[in-house]
Amino acid sequence: MAKSILITGGARSGKSRIAEGWALDLGDAPIYIATGQPFDAEMEARIAAHQARRGPEWTTVQAPLDLVTALQKSDGQGPRLVDCLTLWLSNLMHHEMDWQQAAVALAEALATQHSPTIFVTNEVGLGIVPENALARAFRDAQGALNQRLAAAVDEVYLAVAGYPMKVKPNGS
Amino acid sequence: MAKSILITGGARSGKSRIAEGWALDLGDAPIYIATGQPFDAEMEARIAAHQARRGPEWTTVQAPLDLVTALQKSDGQGPRLVDCLTLWLSNLMHHEMDWQQAAVALAEALATQHSPTIFVTNEVGLGIVPENALARAFRDAQGALNQRLAAAVDEVYLAVAGYPMKVKPNGS
Amino acid sequence: MAKSILITGGARSGKSRIAEGWALDLGDAPIYIATGQPFDAEMEARIAAHQARRGPEWTTVQAPLDLVTALQKSDGQGPRLVDCLTLWLSNLMHHEMDWQQAAVALAEALATQHSPTIFVTNEVGLGIVPENALARAFRDAQGALNQRLAAAVDEVYLAVAGYPMKVKPNGS
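Line by line, the protein sequences give chains A, B and C. Using my numbering, the first residue of the first sequence is number 33, and each one after it goes up by one. Using my numbering, the first residue of the second sequence is number 33, and each one after it goes up by one. Using my numbering, the first residue of the third sequence is number 33, and each one after it goes up by one.
The set of hints was computed from the structure by calculation and includes no laboratory data. Worth double-checking, as some hints may not be accurate.
You can't tell identical chains apart in this list, so a pair holds if it fits in one copy or across any two.
DSSO-like mimics (lysine-lysine), calculated; alpha carbons at most 27 Å apart, straight line [as the list claims (entries may be wrong)]:
1. Lys198 <-> Lys105
2. Lys198 <-> Lys35
3. Lys105 <-> Lys35
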């Protein structure tokens, strides 16, 4: 199994930028697996800013729902950066798909990969309990998904103010 | 004074599961001190899922308000897992009791315990300032309570994606 | 360039108290650079509580907008504690000033300082995406500002339950 990393963090914590640096360290021709589907101008601007930051050495693949196939098709071609699991979860829930089964399948698919894989995800559970029931369900799902993937990867990091803090493995 | 630990983290960060593992490491017959009082179906389901995960070696004690008595009565019988300080604080505030005095008394009670004690709590102050004044008051109280207990215990951890990061003691 | 530190964290995580301890360690006559402008009774009470906690060895300077001038005027007089960047950002945005340019200028000003500088800031991006567009814009700006300053200082810490976790430099 090739190296796998999960980096989590809050909004604008620098996690995508850190992950991009790691992908370039892991291979000359990294593959960006984008889960985002722009629904409004705000998200379009955010995706465009991310794309502009990456250089011409990147190949971009769109995978809003089927990450397992995206990993299998790109395996052997270079390190993959999946950005991000939060939009993927949001897409699965929007289409009323079984995100728990999808998370298990994704974690299992990792075991057979020959190219490195880096996942970017978000911490969304460190504020006051949301009044909105859907928001509560989403933050519970996001936490469960993060735990599932964290257990499957080699290394986990928490991004804070642009720097990665090591979560797994550690000495505690 | 027996060993004492505080583990904090966001929703679905794995903190209860980590704490349960530690309690089993600290003794064969751990005592689960539950602060939760189910007010609705959502909380009932959450409590039931936690109970189902724990095995028959656990004894469960209900202590929605008087944690000091629960610790004193169970002392000498095995490691105690208090899950969680957030529901305890919520109960105290709901009954308009003096949570600051209760926090001081709880921290002081720790010093005379002969069995280990593990506290689970939540980080709720890392989002945008809530518009709701009660939510702001709660997150301030939760932060103050966490600081009070963290100062009283031997070790503090932050749970992220199912893994504990050491907060206290550290080398910084 | 004198030593510079950024400490970030959630509400009531103990970051101001930790930073005050560091400032006293760095010099006998620390300077408190306050960015807060009390708009309501809640904020007035919070500022008063902070002031009461600090002792007579402190000098207080008000700098709601122009931090660069406050740093330059106080340079050579003792360690400076800027508390906090979140209120500063809020003030800049309230006055519709260019916070990005201000952040660059502040980061650049650090390079010429002869006295130590400690910045306190907040993590606000670890909850569910706010429904309010202004809140979303603020948390994005806060995250970007934190990254900018974190890159410019020598050390970065995350405060959790009253204890600092080292973010930069680290071994990861």
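Quick rundown of the hints versus the structure:
1. For a Cα distance limit of 27 Å, the shortest separation of Lys198 from Lys105 qualifies neither inside one copy, at 30 Å, nor across copies, at 39 Å.
2. Taking the shortest Cα distances, Lys198 and Lys35 sit within 27 Å of each other both inside one copy (16 Å) and across copies (25 Å).
3. Taking the shortest Cα distances, Lys105 and Lys35 sit within 27 Å of each other inside one copy (17 Å), while across copies they are farther apart (49 Å).
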